[in-house]
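All chains should be built: construct the whole structure from the sequences, respecting the hints.
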Amino acid sequence: MAQKACLLSIKNNYTSLTDAETTVADYILQNSAAVIHMPIATFAANAGVAKSAIIRCCKTLGFSGYSELKICLAGELAKNKKLNYTPYIDPDDDAGTIMDKLFAANVKTLHDTAEKMDRQVLQQTVNLLLNADVIYVYAVGTSASIARELQYRILQIGKTALCITDVPTMKISTLNIHPGDVAVGISHSGRTVSTIEALQLAAKKGAKTVCITSFSNSEITKHSDYSIEIYSDEIDYPVEATSARIAHFSIIDVLSIAMSASNFEKAMERARETHRLVDTTRY
1 MAQKACLLSI KNNYTSLTDA ETTVADYILQ NSAAVIHMPI ATFAANAGVA KSAIIRCCKT
61 LGFSGYSELK ICLAGELAKN KKLNYTPYID PDDDAGTIMD KLFAANVKTL HDTAEKMDRQ
121 VLQQTVNLLL NADVIYVYAV GTSASIAREL QYRILQIGKT ALCITDVPTM KISTLNIHPG
181 DVAVGISHSG RTVSTIEALQ LAAKKGAKTV CITSFSNSEI TKHSDYSIEI YSDEIDYPVE
241 ATSARIAHFS IIDVLSIAMS ASNFEKAMER ARETHRLVDT TRY
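So in my numbering, spot 179 of the sequence shown is number 179, and the numbers just go up one at a time.
Source of the hints: derived by calculation from the structure; they are not laboratory data. Incorrect hints may have been included.
Stated by the list, open to error - List time: in silico BS3-like cross-link candidates among lysine-lysine, alpha-carbon distance up to 27 Å:
hint, residue 1, residue 2
1, Lys204, Lys222
2, Lys59, Lys4
3, Lys101, Lys159
4, Lys222, Lys116
5, Lys222, Lys4
6, Lys79, Lys59
7, Lys159, Lys205
8, Lys171, Lys159
9, Lys159, Lys11
10, Lys82, Lys51
11, Lys4, Lys159
12, Lys204, Lys171
13, Lys266, Lys205
14, Lys51, Lys4
15, Lys222, Lys205
16, Lys101, Lys116
17, Lys82, Lys11
18, Lys11, Lys59
19, Lys81, Lys4
Pasting the structure below:
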């Protein structure tokens, strides 16, 4: 069973918290080390909330109560220390220090994702893709490169895959979808309207739907038969971070290699042919 993590749970549920729960969550984020030793009465007084609000927030985050939250928070902080994870960038950091922090964040994201991944859903998704007639991959923005990579990997395996990253074409492509096809939507935020709408339309045509996202309770998960979730507790960067995308690309690796493993000899033969074709290509 996956280990519970307080900070990750806050990140994944933050947008669905009530105002009082948000106050509780913000206090935990800002005072994590102190909270693990703090009685609930002290927490309530310091945060300016009722003890009942703290308990409600704990339950919303997936904990039985305040005691379990503190235990899991303590374990999470200890793991962060072991992984040399620091949740901020200091303006005075030099390039080497920033590298250390970013690499630690990337390692932590991969570690957390592997630890909390629903292995059954992962295997079901692999089986679904293996048995699909046509695989449609939808994404826009920064997720588009991940979608193209998934399409390329699927084509290498010998399956038919289409990658659609143009918003109008997304909807039009669903006119060709039939039962037996699979639609995969990739969205870091899980709120990308065009990708969600494409999955909805694909489902209406009888296709099974899969999403790859970084937020477990996001809108896209509500419109997917199978949801693969990345756990990225990203630090505060002055620009958009890449740790979540590194995990997304790693999941693409997992899906494609697991599909290849179902017919290893054929996959190796196709890999050799792929290398031959690339080596003889003139640009």
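Status of each hint after checking the structure:
Only pairs whose Cα atoms come within 27 Å are accepted, and Lys204 paired with Lys222 is accepted, the gap being roughly 14 Å. The straight-line distance between the Cα atoms of Lys59 and Lys4 is roughly 12 Å, inside the 27 Å bound, and the hint therefore holds. About 39 Å separates the Cα atoms of Lys101 and Lys159, which puts this hinted pair outside 27 Å; it is violated. For the hint linking Lys222 to Lys116, the alpha-carbon distance of about 19 Å falls within 27 Å, and the restraint holds.
At most 27 Å may separate the alpha-carbon atoms for a hinted pair to count; Lys222 and Lys4 meet this at roughly 22 Å. Note on Lys79 and Lys59: the hinted pairing holds, with a Cα-Cα distance of about 23 Å set against a maximum of 27 Å. Taking the CA atoms of Lys159 and Lys205, the gap is about 20 Å. The hint holds against a cut of 27 Å. Our distance criterion of 27 Å between C-alpha atoms is met by Lys171 and Lys159, whose separation comes to about 22 Å.
Between Lys159 and Lys11, the direct Cα distance comes to roughly 36 Å. Violation of the 27 Å bound is thereby established for this hinted pair. Note on Lys82 and Lys51: the hinted pairing is violated, with a Cα-Cα distance of about 32 Å set against a maximum of 27 Å. For the hint pairing Lys4 with Lys159, the CA-to-CA distance comes to about 37 Å; that exceeds 27 Å, so the pair is violated. Proposed proximity of Lys204 and Lys171 is supported: the alpha carbons are some 12 Å apart, at most 27 Å.
Distance restraint check for Lys266 and Lys205: the Cα-Cα separation of roughly 32 Å exceeds the 27 Å cut-off, and the hinted pair is therefore not satisfied. At most 27 Å may separate the alpha-carbon atoms for a hinted pair to count; Lys51 and Lys4 meet this at roughly 22 Å. For a cut-off of 27 Å, the pair hint linking Lys222 to Lys205 stands: about 17 Å separates their Cα positions. Distance hint between Lys101 and Lys116 is fulfilled; the C-alpha atoms sit about 22 Å from each other, no more than 27 Å.
With a C-alpha separation of about 21 Å, the suggested pair Lys82 and Lys11 falls inside the 27 Å cut-off, and the hint holds. With a C-alpha separation of about 15 Å, the suggested pair Lys11 and Lys59 falls inside the 27 Å cut-off, and the hint holds. Restraint check for Lys81 and Lys4: satisfied, since their Cα atoms lie roughly 17 Å apart, inside the 27 Å limit.
In this structure, the earlier hints numbered 3, 9, 10, 11 and 13 are contradicted, and the remaining ones agree with it.
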